[in-house]
Amino acid sequence: MTVTENPGQPNAAAPTPPAIELIGISKAFGPVQANKDITMTVAKGAIHGIVGENGAGKSTLMSILYGFYKADSGRVKINGVETEITDSHAAIAAGIGMVHQHFMLVDTFTVLENVILGAEDGPMLKPSLAKARKELQRLANEYELDVDPDAIVGEISVGFQQRVEILKALYRQAEILILDEPTGVLTPAEADHLFRILKNLKEQGKTIVLITHKLREIMDVTDTVSVMRRGEMTATIETATTSPSKLAEAMVGRSVIMEVEKAPATVGETVMEIKNLVVKDGQGVERLKNISFSLKRGEVLGIAGVAGNGQTELLEVLGGIRPATSGEVIMKGDSIDLTIKANAQKRRHRGIGHVPEDRHARGLVMSFKTWENTALGYHNEPEFSKKFGMANQKAMLADAQGKMERFDIRPPNPQLVASSFSGGNQQKIVLAREIERNPEVLLIGQPTRGVDIGAIEFIHQQIVKLRDAGKAILLISVELDEIQALSDRILVMFDGIIQGERLPENTDKNELGLLMAGVDPEAEA
Amino acid sequence: MNTGIPKWVDVILIPLLSLILAFVVSGLVVLSIGKDPIQAIKLMVYGAFRLNDGIGPTLYYTTSFIFTGLAVAVAFHAKLFNIGGEGQAAIAGVGVTLVMLAFDWPHWTIALLVGTLAAAAFGAAWAAVPAYLQVKRGSHIVITTIMFNLIAGSVIAYLLVGPLQANGSLPESSRFPSAAALPTLHDILGVVGINFDRFSDANITFFMALLAAVGVWLLIWKSRLGYEIRMFGESDKAAVYAGISPVKITMIVMLISGALAGLMAVNTVQGQAERLVLGAVEGAGFIGIAVALMGRNHPVGIVLAAFLFGALTQGGVELQFEMQIPAQMVIVIQALIIMFTGSLENLVRMPVERLFTRMKKRAA
Numbered sequence: 002m003t004v005t006e007n008p009g010q011p012n013a014a015a016p017t018p019p020a021i022e023l024i025g026i027s028k029a030f031g032p033v034q035a036n037k038d039i040t041m042t043v044a045k046g047a048i049h050g051i052v053g054e055n056g057a058g059k060s061t062l063m064s065i066l067y068g069f070y071k072a073d074s075g076r077v078k079i080n081g082v083e084t085e086i087t088d089s090h091a092a093i094a095a096g097i098g099m100v101h102q103h104f105m106l107v108d109t110f111t112v113l114e115n116v117i118l119g120a121e122d123g124p125m126l127k128p129s130l131a132k133a134r135k136e137l138q139r140l141a142n143e144y145e146l147d148v149d150p151d152a153i154v155g156e157i158s159v160g161f162q163q164r165v166e167i168l169k170a171l172y173r174q175a176e177i178l179i180l181d182e183p184t185g186v187l188t189p190a191e192a193d194h195l196f197r198i199l200k201n202l203k204e205q206g207k208t209i210v211l212i213t214h215k216l217r218e219i220m221d222v223t224d225t226v227s228v229m230r231r232g233e234m235t236a237t238i239e240t241a242t243t244s245p246s247k248l249a250e251a252m253v254g255r256s257v258i259m260e261v262e263k264a265p266a267t268v269g270e271t272v273m274e275i276k277n278l279v280v281k282d283g284q285g286v287e288r289l290k291n292i293s294f295s296l297k298r299g300e301v302l303g304i305a306g307v308a309g310n311g312q313t314e315l316l317e318v319l320g321g322i323r324p325a326t327s328g329e330v331i332m333k334g335d336s337i338d339l340t341i342k343a344n345a346q347k348r349r350h351r352g353i354g355h356v357p358e359d360r361h362a363r364g365l366v367m368s369f370k371t372w373e374n375t376a377l378g379y380h381n382e383p384e385f386s387k388k389f390g391m392a393n394q395k396a397m398l399a400d401a402q403g404k405m406e407r408f409d410i411r412p413p414n415p416q417l418v419a420s421s422f423s424g425g426n427q428q429k430i431v432l433a434r435e436i437e438r439n440p441e442v443l444l445i446g447q448p449t450r451g452v453d454i455g456a457i458e459f460i461h462q463q464i465v466k467l468r469d470a471g472k473a474i475l476l477i478s479v480e481l482d483e484i485q486a487l488s489d490r491i492l493v494m495f496d497g498i499i500q501g502e503r504l505p506e507n508t509d510k511n512e513l514g515l516l517m518a519g520v521d522p523e524a525e526a
Numbered sequence: 023m024n025t026g027i028p029k030w031v032d033v034i035l036i037p038l039l040s041l042i043l044a045f046v047v048s049g050l051v052v053l054s055i056g057k058d059p060i061q062a063i064k065l066m067v068y069g070a071f072r073l074n075d076g077i078g079p080t081l082y083y084t085t086s087f088i089f090t091g092l093a094v095a096v097a098f099h100a101k102l103f104n105i106g107g108e109g110q111a112a113i114a115g116v117g118v119t120l121v122m123l124a125f126d127w128p129h130w131t132i133a134l135l136v137g138t139l140a141a142a143a144f145g146a147a148w149a150a151v152p153a154y155l156q157v158k159r160g161s162h163i164v165i166t167t168i169m170f171n172l173i174a175g176s177v178i179a180y181l182l183v184g185p186l187q188a189n190g191s192l193p194e195s196s197r198f199p200s201a202a203a204l205p206t207l208h209d210i211l212g213v214v215g216i217n218f219d220r221f222s223d224a225n226i227t228f229f230m231a232l233l234a235a236v237g238v239w240l241l242i243w244k245s246r247l248g249y250e251i252r253m254f255g256e257s258d259k260a261a262v263y264a265g266i267s268p269v270k271i272t273m274i275v276m277l278i279s280g281a282l283a284g285l286m287a288v289n290t291v292q293g294q295a296e297r298l299v300l301g302a303v304e305g306a307g308f309i310g311i312a313v314a315l316m317g318r319n320h321p322v323g324i325v326l327a328a329f330l331f332g333a334l335t336q337g338g339v340e341l342q343f344e345m346q347i348p349a350q351m352v353i354v355i356q357a358l359i360i361m362f363t364g365s366l367e368n369l370v371r372m373p374v375e376r377l378f379t380r381m382k383k384r385a386a
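If you read the sequences in order, they're chains A and B. In my numbering, each residue's number is its place in the first sequence (first place is 1) plus 1. In my numbering, each residue's number is its place in the second sequence (first place is 1) plus 22.
Bound-form chain B, shown alone (with noise of 0.2 Å):
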């Protein structure tokens, strides 16, 4: 960037100055309700990274916006919007509850894997579709992907009263055979002998997160596939002289993102759940795309962006247990500071520009 601020002050003190900001209006906000803001803040930081019952939900939502973010992040890097991450996910879901009912599995290893991949296919195959609509037909990839949020709903609606429904009246699906079951937190950090929080979510899937990231950072920026992704995302005509085939590109980029979107369904489906439910993403994959947007398209940013937005995700349970503020109200919060950290991050970084270049300028 030739903004010519110092890159602490763009990928740290910004950042941080609209995340102030937002806590500052969701406190009069809160405030307005005739609530202690304080003592909301106070509850939301406590609920999200208490111990024994705080941070294991908040790696566990984590986990699910890693995956989300980075399937926004590397779709923006070829300058593709994939607002679809959120039926991306929800797809997957449906492709790890077919091969976990279709097995009866030996080690959970090898249900990982599987799971993994199925979950990877069934996202990349959800997004495949608007990806070819876009390069073949030209239908724009936002607003298809967005339809493909609502077929997904409805797919899965249909398959969990149909086809997939266990016995019962319930719209889920047969419970995973439990050899399929993934170790949670609590399990993993025993062997070291740490005593994690028992009933925590937050499973092995968390590191396939991290270990998503560094592919990410690697893809992007270390091999060839990513130099051609961002140049197809500066320049589509340099691309093209380069011999890059747009059409192929863009498959290409909207498979991995699609993918990655869905890896989240091993986490919250596999992981989790254990069975498809209705509404298993929950948000996430739009949460995603403020993730992406809060962590600058960089894998680094997205994983500390995932675990604000984990953080606020578990704090703002809290808030509704614990202090009565209804549900709503919490998603006025989290989107304030979506709105600050996002949209709104002009309102910080132009003072924050001037102040700079006038320093500069003072020095010099």
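The following block holds chain A by itself, in its conformation from the complex (with noise of 0.2 Å):
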């Protein structure tokens, strides 16, 4: 991949200082480097993309930008000045816009009042709501922007409520626009008629930053393009010079390679089988779009994508954390239920283990001792209940005891609470309590996301002792090593289907970049 040493600057000659210079920029929460000494130039009038996985760190460089947060170090320089972004008002003032993922407005207010709101120019309204008015006329017309000013933000669609957000920058005269996953939750149409606005809005004059994990948007709307990994800057790059492949070559990243020891798989029946499921969420956006693939006793089925493409919703649906919209599952030849009744115990009982994603809200109750995150789930189970509904927390210590000296647990204390951990020993809890369960299937997301070398390769090495002991397991996991190393078999999710199937020594990294970015090589070839 060519890194350019003067990037975004398609003519570096010209006197036109870049609209956006971060210099050594680094920002920390507690241990979590978010940023790390991170530098980047966008020059003006360009869209410049900034894509990368989540928790990259792409949204904490742009509220540093945006003043939300303090960089521990590092300089901004906007226009060649350099300028100190102690909060928003500062970024305004600077000429800085931001559309939220998460919209900032008022629900019951009119598109007109959120457009004025905290720029209203007097005590009285009037006046500024007539004058954002013609305002709001003129860019309508200039930028394809039209929105019916005395609509009611919470009544109009989210395509147009973007629209509000982007007309509330451009009001308070930004000259740099900051959009941070703006097709999230957009419609196809709805989003190439935003990139068509963009594109008018760089013809204007205006410079933007594009932050997403979409890499066919970069393709095709940037100018450059930014990849960020781990909170560090990997690359910098002309959007024209490069591919979806690479970019998701150096988004995933290669880190060490990681090799498991592992005998050929022994792959028996089915024993779970997904038909056509359908999952919305909570605004009726499809997370799962019809998907059906089996399970086997014997292998370890990888999930590999990036995050956000309807994995998260799988798994939860599989585990009895939220119900499906349509679909069906079946386990040994009957069904599962699906709706709102089922919970995450019953699965339990049907031989569903499950290793949460998120372990620090789902997994573990932090400030639980050892003892109670061991029995977590199981707690009703008989060897940890006593007469008259009272725990057997004996049995439970007893438990926890047994699990951290199998689990190499460290500190070997049950008594202590579960953030007092390291992250790859939290992880340890939650992997014993679920495998030694035996499960028939085990759901495991992100079983190393946080986690350390040592505890990466023992862990790796239970998955693959479950699967010897002839169980089926469903790996998701962000990091295309770790399903490569893992996997008897890959699918690739993108966007809530499932992009292709493909078995880990008959493809390679770039095959399932391409995939994972929503591409069919098959096809394309």
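Do not rely on the hints blindly, as some may be mistaken.
Straight-line C-alpha distance at most 30 Å; calculated BS3-like pairs for lysine-lysine [unchecked claim]:
| # | chain 1 | residue 1 | chain 2 | residue 2 |
| --- | --- | --- | --- | --- |
| 1 | A | Lys247 | A | Lys45 |
| 2 | A | Lys370 | B | Lys382 |
| 3 | B | Lys270 | A | Lys281 |
| 4 | B | Lys270 | A | Lys342 |
| 5 | B | Lys101 | B | Lys244 |
| 6 | A | Lys290 | B | Lys244 |
| 7 | A | Lys387 | B | Lys259 |
| 8 | B | Lys244 | A | Lys387 |
| 9 | B | Lys270 | A | Lys388 |
| 10 | B | Lys158 | A | Lys281 |
| 11 | B | Lys158 | B | Lys29 |
| 12 | A | Lys276 | B | Lys259 |
| 13 | B | Lys259 | B | Lys244 |
| 14 | A | Lys370 | B | Lys259 |
| 15 | B | Lys158 | B | Lys57 |
| 16 | A | Lys388 | B | Lys101 |
| 17 | A | Lys510 | A | Lys297 |
| 18 | B | Lys259 | A | Lys347 |
Here are some, though not all, of the chain B residues that point toward chain A, as calculated from beta-carbon distances under 8 Å [what the hints assert, rightly or not]:
| # | residue |
| --- | --- |
| 19 | Lys244 |
| 20 | Leu247 |
| 21 | Glu256 |
| 22 | Tyr263 |
| 23 | Gly265 |
| 24 | Asn368 |
No lab work stands behind these hints, which were simulated from the structure alone. Note that this is a predicted model, so its numbers are computed, not measured. Using N, Cα and C, we set each Cβ at its ideal position, and we do this for glycine too.
Both chains are given apart, each in its own frame, so use the hints to dock them into the complex.
Quick look at the structure:
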């Protein structure tokens, strides 16, 4: 991949200074380094993309630029002038506008009222409203940004709400516009319209920063693109010189090659069959669009994909946390209740174990002691129960003690609360609990996220051991290396569908990266 | 807790310092209206603990506060704020009245049992509606329980000038049959030869309150339901992952909480007034919030805090009576104590914590 020395400046000789210069920006949240020494330049009048997985630090970086967070170190130059952005007022004064992923609008106000909110000219509203009405008219004509100024914001579609956000920024005379995952909530048609608007804005000399993890959008609209991975900026390139597969590779990265020692799988009969699964979220957006696959005894089925393409929903539906909209899941001949009445405890009784993606919020109660956490979800099982609804705390304690020894959880003190363990040991607590129940099907989400190298190896061995015992494992991970190292079969998810199925020995990162970006290499070839 | 301070500092020293601070400021308040603060404190302590006619009323108030304090604490372990103890206790009083007036009671033991069940059931029912509204409609439980306090007050006012009013002009119900009267502490302690205050209202429900405290301890820290309640309170996401239904657990917790608040009616309506009167709860539902706060939502702490507030209430009565300190001033003093031990707790906690971390560092 070519990394230009002076990126994002098509005509570096021109005297115009770049619109944005970030120099050596670092930001840590506690022990998590969200941004590490980031330097980035965006030319005036360019559309600049920032890609990276969830948690790569894109939003943090832009929040620093918009004054939401204060960087621990580093400098910001706007139009060549060193600017200290202490809060969003300072950002607006410097001509920066931001369209957040979650809109910052008052639902019960009209479009016009939302636009002037915080930018009223005086104590009386009328003159401001009149001025804004005229201005909106002008902007609508100029940029295809038409919205009914008198509509109530809560009653218009998300696409229109987003336009209101853009109008708000333009009304405040923003010259630089930051959009954070703008298409996440849009239909394809709305997204196309948005991109037309962005191109119009660019023609008028505005500078646009587009944060996304959808590579197609980057290829379609940006001039230059920066790739972020784990808080670092790994590359800044001209979009024309790259391809989705190269970007995907840069996003997912080539970390240490992970080799897991494992014998060839002895795959048995089908344990679980997923048929036409559809899941809609609270806003009615389809997160899973008619997914079908089957899971067999003795195999690790890996699901690759950039985070946010439906993997979480799949795991939660199978784990009994979230109901399905339609579809069927059959386990050993019997169909599983996917309605709201189902719960995770019933799934456990069916022999489904679940290591959730988010161990902090779901897999563990951080303020609970280890012995309370190792019983989580199984606390009503006979061995943990006593008469009159009492808990058998002695049994729980003894069980925790054994698990801590067998899984080498350190320090091996079951009275310690979960938050006092390292990420790797926390994950081992969850794994010990789920694996030792000997489930028929184990659902695992991001098994090694935030886990140190030593623990990663141990966790991988445990997964392989369970597979060799003839159990079925559904592995969801955004780490491509992990998927390749562990899986006996790989499904790639993109935008709520299964984009492709591959065998690990017959594919490579390149091909998987393309599938993850929503491109079917076979169709294109 | 990861604060790194010894436990005794957390549960004893900090509340004690807060209390002393509250008394100092209260003394200034007493001084400002031209009374002698030292005499006032002496009188309060004496009035609350005097053997012949002080400790009795103190224990009577303590009983009510233990129930309402436990009610708040149980809900709080699920991170639900039941501000409706006042209304739940009031409606429980109606339940007690209905069953007491319905039968000729052969013996007080049966009357106590049935009265307890009625109080718990009515209190729970009154808490169930806000709980249901929260889980099904998303109406915030703090708001709805407060509103239900007002509704309960009006319902009782109506009942006492209407269907439940006894012959005569007072807004109160008929007197319960005398066989339903509960034994007082004087009766009970007389059996073992202790001559306890004959005129005090303290009765057998005091022991029920202590039992309830033990029960809540078992429930929260030893039972599987308590485990689920605490889990839901700490992390609702983890609770769903563990297979716990937020709807079910919210309903159960609020039913238990309402029942506990309701039990207070056994003490006041059945044990003391022996009829339903207006304003029988007298703010005990709200004091329960302060009691739970000060008692750190732990039954032992709640019993101690309830005893303190019982003493304050009784001592306050004494202040009005002996020193002509107006009732409003007494409320000011009680409020100061609630403020210092509850919301201003960090005032004391932060310097103490800093002191201890510094001492630790020096030792290390």
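So, going through the hints one by one against the coordinates:
Of the pairs offered as hints, the one joining lysine 247 of chain A and lysine 45 of chain A holds, with about 26 Å between alpha carbons and a cut-off of 30 Å not exceeded. A distance of roughly 25 Å separates the Cα atoms of lysine 370 of chain A and lysine 382 of chain B; the hinted pair therefore holds under the 30 Å criterion. Proximity of lysine 270 of chain B to lysine 281 of chain A is assessed by CA-CA distance (about 24 Å); at most 30 Å being required, the pair is judged to hold. Under the criterion of a C-alpha separation no larger than 30 Å, the hint pairing lysine 270 of chain B with lysine 342 of chain A is consistent with the structure, at around 12 Å.
A distance of roughly 19 Å separates the Cα atoms of lysine 101 of chain B and lysine 244 of chain B; the hinted pair therefore holds under the 30 Å criterion. In summary, the hint linking lysine 290 of chain A to lysine 244 of chain B is not supported, as the alpha carbons are separated by about 45 Å, beyond the 30 Å threshold. Our distance criterion of 30 Å between C-alpha atoms is met by lysine 387 of chain A and lysine 259 of chain B, whose separation comes to about 26 Å. A hinted pair counts as satisfied when its Cα atoms are at most 30 Å apart, and lysine 244 of chain B with lysine 387 of chain A qualifies at roughly 10 Å.
Restraint check for lysine 270 of chain B and lysine 388 of chain A: satisfied, since their Cα atoms lie roughly 21 Å apart, inside the 30 Å limit. As the CA atoms of lysine 158 of chain B and lysine 281 of chain A are separated by approximately 20 Å, the hinted pair is consistent with the 30 Å bound. This hinted pair does not check out: lysine 158 of chain B and lysine 29 of chain B have alpha carbons roughly 40 Å apart, beyond 30 Å. Our distance criterion of 30 Å between C-alpha atoms is met by lysine 276 of chain A and lysine 259 of chain B, whose separation comes to about 27 Å.
At roughly 22 Å between alpha-carbon atoms, lysine 259 of chain B and lysine 244 of chain B fall within 30 Å of each other, so this suggested pair holds. Annotation: proposed proximity of lysine 370 of chain A to lysine 259 of chain B holds, straight-line Cα distance about 17 Å (limit 30 Å). Pair hint lysine 158 of chain B plus lysine 57 of chain B does not hold up; C-alpha atoms about 54 Å apart against a cutoff of 30 Å. As the CA atoms of lysine 388 of chain A and lysine 101 of chain B are separated by approximately 27 Å, the hinted pair is consistent with the 30 Å bound.
A hinted pair counts as satisfied when its Cα atoms are at most 30 Å apart, and lysine 510 of chain A with lysine 297 of chain A qualifies at roughly 24 Å. Proximity of lysine 259 of chain B to lysine 347 of chain A is assessed by CA-CA distance (about 17 Å); at most 30 Å being required, the pair is judged to hold. With its C-beta approaching chain A no nearer than about 6 Å, lysine 244 of chain B sits inside the 8 Å limit, and its interface hint holds. Hint status for leucine 247 of chain B relative to chain A: holds, with the closest Cβ pair at about 6 Å, below 8 Å.
The closest approach between the C-beta of glutamate 256 of chain B and any C-beta of chain A is roughly 5 Å, which is under the 8 Å cut-off, so the hint is satisfied. With a cut of 8 Å, the hint placing tyrosine 263 of chain B at the interface with chain A holds, because the nearest CB-to-CB distance is about 4 Å. Contact between glycine 265 of chain B and chain A, as hinted, is supported at the beta carbon level, the nearest pair being about 3 Å apart and thus within 8 Å. Interface restraint check for asparagine 368 of chain B: the shortest CB-CB distance to chain A comes to about 20 Å, outside 8 Å, so the restraint is violated.
Checked against the numbered hints listed earlier, the structure breaks hints 6, 11, 15 and 24; every other hint is satisfied.
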